[in-house]
Amino acid sequence: MSYKKKKLSEEHKRNIGQSIKNWHKKFGFSKTTRKKLSDINKGHAVSEEVKRKISDANKGNIAWNKGLTKSDPRVLRNIQRASIARKKSWKEGKWKPWNLGKSWSEEVKFKISSKRKGKTYEEIMGKEKALQFKKRLAELGRLKTGKHNPMYGKKGDKNPHFGKPAEHGKHSFRIDLGHHCRSKWEANYIRFLLWMGKKYKYESKTFIIKLPNGVKSTYTPDFLINMEEWHEIKGWKDRSKIRKWELFQQQYPKEKFILIDKDKYKDIEKLYKYIVPNWEF
Numbered sequence: 001m002s003y004k005k006k007k008l009s010e011e012h013k014r015n016i017g018q019s020i021k022n023w024h025k026k027f028g029f030s031k032t033t034r035k036k037l038s039d040i041n042k043g044h045a046v047s048e049e050v051k052r053k054i055s056d057a058n059k060g061n062i063a064w065n066k067g068l069t070k071s072d073p074r075v076l077r078n079i080q081r082a083s084i085a086r087k088k089s090w091k092e093g094k095w096k097p098w099n100l101g102k103s104w105s106e107e108v109k110f111k112i113s114s115k116r117k118g119k120t121y122e123e124i125m126g127k128e129k130a131l132q133f134k135k136r137l138a139e140l141g142r143l144k145t146g147k148h149n150p151m152y153g154k155k156g157d158k159n160p161h162f163g164k165p166a167e168h169g170k171h172s173f174r175i176d177l178g179h180h181c182r183s184k185w186e187a188n189y190i191r192f193l194l195w196m197g198k199k200y201k202y203e204s205k206t207f208i209i210k211l212p213n214g215v216k217s218t219y220t221p222d223f224l225i226n227m228e229e230w231h232e233i234k235g236w237k238d239r240s241k242i243r244k245w246e247l248f249q250q251q252y253p254k255e256k257f258i259l260i261d262k263d264k265y266k267d268i269e270k271l272y273k274y275i276v277p278n279w280e281f
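If you read the sequence shown in my numbering, its first letter stands for residue 1, the second for the next number, and so on.
Careful, some of the hints might be misleading.
[What the hints assert, rightly or not] Below, computed lysine-lysine pairings styled on PhoX-like, alpha-carbon distance capped at 25 Å: (1) 262 to 201; (2) 87 to 36; (3) 199 to 254; (4) 134 to 70; (5) 119 to 129; (6) 129 to 109; (7) 199 to 147; (8) 59 to 36; (9) 216 to 184; (10) 216 to 205; (11) 198 to 264; (12) 216 to 262; (13) 31 to 42; (14) 201 to 244; (15) 270 to 184; (16) 35 to 109; (17) 198 to 216; (18) 7 to 53; (19) 88 to 102; (20) 210 to 198; (21) 7 to 51; (22) 66 to 127; (23) 51 to 21.
Bear in mind the hints are in silico, worked out from the structure with no lab data behind them.
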């Protein structure tokens, strides 16, 4: 007897569906059967019509994990399985994160920054996540302070910053000068020198100096002018007890040194800011 042309009623269909669900819950397929089904369906494209039917069938149904958190054993089990599968795929070269090696564009960075500017962690991620995030930051901070800090106890030439000039001001590339400057004061002073017909070299030499406690350090003057004298821009107030340019003058008395402080720079700016091309205000 053939049942090919016989149509099932909606109630009959529901009964069959419920029976299959109950069977899956009670018995389910073996690992071997699940593996076979998985291999058969790999690469199988689902038509839009089938997708629509699946969507219609699931409408009104409540997701099994709705309202559950990571503390629920079922959710935790799925997370662990997914993690193991991803790690395995990563090792085998079958899977890579979609954003691996990609960086945000400057436009996207600006949008993210503008959206978050002036907001608290609570406003950005909610109270619960903000509390967890702050706690994590505090823990990381404790792991990186004092003796736990990789820079702890590293002085003189053992410090990674040994021989590198300190950063101050607006550091950026100046197109008209063809190189980076550490502040607009430095850039303007170079433009003034060029306008005056003088030649310069920017941070061309680093000198080894000895601090009062006997530790070795370095000092790099800003400019070598006409191959005969060193100029240093110090527009900001140096709050350090150790002024390296003074130690440089003491330990290298044969080197001619001129300090351009705030007053001297302002005098130059007052006279030349509207005359020298590309002056930064």
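Each hint, compared with the structure:
With a C-alpha separation of about 22 Å, the suggested pair residue 262 and residue 201 falls inside the 25 Å cut-off, and the hint holds. In summary, the hint linking residue 87 to residue 36 is supported, as the alpha carbons are separated by about 22 Å, within the 25 Å threshold. The hinted pair formed by residue 199 and residue 254 meets the criterion: a straight-line CA distance of about 21 Å does not exceed 25 Å. Pair hint residue 134 plus residue 70 holds up; C-alpha atoms about 20 Å apart against a cutoff of 25 Å.
Under the criterion of a C-alpha separation no larger than 25 Å, the hint pairing residue 119 with residue 129 is consistent with the structure, at around 15 Å. The hinted pair formed by residue 129 and residue 109 meets the criterion: a straight-line CA distance of about 22 Å does not exceed 25 Å. Restraint check for residue 199 and residue 147: not satisfied, since their Cα atoms lie roughly 47 Å apart, outside the 25 Å limit. For the proposed pair residue 59 and residue 36, the alpha carbon gap of about 29 Å is over 25 Å, so the pair is violated.
Restraint check for residue 216 and residue 184: the C-alpha separation of about 30 Å exceeds 25 Å, so the hint is violated. A C-alpha spacing of about 16 Å is found between residue 216 and residue 205, which places the hinted pair at or below 25 Å, so the restraint holds. Restraint check for residue 198 and residue 264: satisfied, since their Cα atoms lie roughly 18 Å apart, inside the 25 Å limit. For a cut-off of 25 Å, the pair hint linking residue 216 to residue 262 is broken: about 29 Å separates their Cα positions.
At roughly 16 Å between alpha-carbon atoms, residue 31 and residue 42 fall within 25 Å of each other, so this suggested pair holds. Straight-line distance between C-alpha atoms of residue 201 and residue 244 comes to about 20 Å, which keeps the hinted pair within the 25 Å bound. Proposed proximity of residue 270 and residue 184 is supported: the alpha carbons are some 15 Å apart, at most 25 Å. About 44 Å separates the Cα atoms of residue 35 and residue 109, which puts this hinted pair outside 25 Å; it is violated.
For the hint pairing residue 198 with residue 216, the CA-to-CA distance comes to about 33 Å; that exceeds 25 Å, so the pair is violated. With a C-alpha separation of about 18 Å, the suggested pairing of residue 7 with residue 53 holds against the 25 Å cut-off. Only pairs whose Cα atoms come within 25 Å are accepted, and residue 88 paired with residue 102 is accepted, the gap being roughly 23 Å. For the proposed pair residue 210 and residue 198, the alpha carbon gap of about 32 Å is over 25 Å, so the pair is violated.
Note on residue 7 and residue 51: the hinted pairing holds, with a Cα-Cα distance of about 23 Å set against a maximum of 25 Å. Between residue 66 and residue 127 the alpha-carbon distance is near 21 Å, which keeps this suggested pair within the 25 Å criterion. Between residue 51 and residue 21, the direct Cα distance comes to roughly 20 Å. Compliance with the 25 Å bound is thereby established for this hinted pair.
Checked against the numbered hints above, the structure breaks hints 7, 8, 9, 12, 16, 17, 20 and satisfies the rest.
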